[in-house]
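Student: Chain residues, written in single-letter form:
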Amino acid sequence: MKICKNCGVELADDMLYCPLCGELSDEGALAHYEPATRHDSHPHPVLSGKKSVSPKSIVALIKRKFHV
Amino acid sequence: MKELANRRNEVWLRLDNAAKIYPAIRSPELTAVFRISVDLAQRVKVAAFLDAVNAIENRFPYYKVRLRTGFFWYYLEYSALPIAVKADTDRPCRDFNKRELMFRVLARENTISVEFSHILTDATGAFEFLKSLLLVYFEKCGIAISPEQAFLRPGETPANEEYEDAYSRYFKKGPSSLIQVRKAFHLPFTVKKTSRFNVLTAMIPLDETSGRSRHYGVSLTEYFIAVYLFSLQQVYENLPLRSRRGSNRIFRIEVPVNLRRMLPTRTMRNFTLYVLPEIDLRLGAYTFEEIIKTVYHQMRLETDQKLINKVISRNVGSLNNHFVRRVPLFIKSFLLSRFYAIGTSRYSGVVTNLGKIDIAPDINSQMDNFKFIPPPPNKILKVNCGIVGFGNKIALSFGNITSSRELEKAFLKFLTDDGVHVQTI
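Chains as they are written, first to last, in this note's numbering: chain R, 1 to 68; chain A, 1001 to 1425.
Hints are not guaranteed to be accurate.
DEER-style ranges, computed between Cβ atoms [what the hints assert, rightly or not]:
| id | chain 1 | residue 1 | chain 2 | residue 2 | range |
| --- | --- | --- | --- | --- | --- |
| 1 | A | Gly1217 | R | Met1 | 35 to 45 Å |
| 2 | A | Glu1208 | R | Met1 | 29 to 39 Å |
| 3 | R | Ile3 | A | Arg1214 | 57 to 67 Å |
| 4 | R | Met1 | A | Arg1244 | 26 to 36 Å |
Derived DSS-like pairs: lysine-lysine, alpha-carbon spacing no greater than 27 Å straight-line [to be verified]:
| id | chain 1 | residue 1 | chain 2 | residue 2 |
| --- | --- | --- | --- | --- |
| 5 | A | Lys1086 | A | Lys1183 |
| 6 | A | Lys1409 | R | Lys2 |
| 7 | A | Lys1140 | R | Lys5 |
| 8 | A | Lys1172 | A | Lys1020 |
| 9 | A | Lys1140 | A | Lys1356 |
| 10 | A | Lys1020 | A | Lys1409 |
| 11 | A | Lys1393 | A | Lys1409 |
| 12 | A | Lys1409 | A | Lys1192 |
| 13 | A | Lys1172 | A | Lys1393 |
| 14 | R | Lys2 | A | Lys1140 |
| 15 | A | Lys1183 | A | Lys1020 |
| 16 | R | Lys5 | A | Lys1086 |
Pulled from the structure, derived: some chain R residues nowhere near chain A, Cβ distances all over 10 Å [said to hold, decoys possible]:
| id | residue |
| --- | --- |
| 17 | Glu10 |
| 18 | Leu16 |
| 19 | Leu24 |
Derived from the structure by calculation, the hints contain no laboratory data. Glycine included, C-beta positions come from ideal geometry on N, C-alpha and C.
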């Protein structure tokens, strides 16, 4: 029996989150967490390490895109 | 609303006679929203619960409406918005915004609640809705419901009578002179500024309380009104002499009466009037026995059918007046809010008793207790009380917008001293 940790109602076995309060069930929390784990193996560009973008590079990007 | 199923978008309803005051006075704190809750024997199964809400979604079209503003009156317009189903994790009896329907369904642990704006209905209408929801929910949980069980079933077409304005049906032209009523005593407690509505609930055994009311020869409602008046008197007597001198000394309680018991209708909208039992402390302090006797006789006098007809004539007649009908809404709203303030200055508190709920033995065993939380009281009244019985339990819910619990303490202490076991929850 799955119980919502927030509002305490009984969830159906296949529910990943509580439809009343949106709280993730244990499986839901796991499913939510998994993509992040997968991303770890194929890391996305790190946004926090900000790369400075110069106006010149933007112009170059536009030229490349539109074959100017 | 006869052709409701076919032409929903074009359907609108006039507010019933009792509802007309609420749009004019409501605010984020004075919401005119009340709640009926039921604690089940088991946790709420959310899948069955949502299925049950879906099943009854279109059974109550007169509640699936939004408040609209006309030039002369507010009116209700059908809305295809789904019923709001939420976790019960917030303050009770919160206001509805203009984009919402004016009722919601809530669940938490083993409790199912419905909250309704008084613009839509009274506690009887809300209870019928909750009853339908509960019975369909139990059915979805695999509990058999007897075909003889009386309730508004999901597949039925709503009867015309369910959305009638029963006040207009029973309105007869008659004497409508206003009665001069003196201002009443009001609790001197300081009102909290924000998020001010708090509820204290106490459970008491029905058999013990009935025993006490039988001892005094009165009904349970009369017993509770008498206890409330006695508690108000105690609060008054505990005030410093200076405050007592400045207070009104008439103690009057507003008691809603379900008119369906006297004037048959299946309406699911408001159909309630008020009686106002009182004691006058200018004549000296009252013993509890004296209060009981006064309340008993006043309740009988004021629930006389001829008098009820006269009050309906007065209330409906005043709003049907040709001049009033032609006054623009913004002026009407201002006047109604003033009348409301004057009206509430005439009584000291509100005690609403829903009575004893009894559905069917096999269904009753699935539930533990019911609670009724009245709408937040206004700044004048400060405290009110909602009562409902189920099985051998009576739930007393005190709504309060102050930090003081003096009145509740006096009320519950009286019950304890009278031999009734009180458990606060």
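Student: Provide an ascending list of the numbers of those earlier hints which the structure does not satisfy.
Tutor: Of the numbered hints given earlier, those the structure breaks are 1, 3, 4, 5, 6, 10, 13, 17, listed in rising order.
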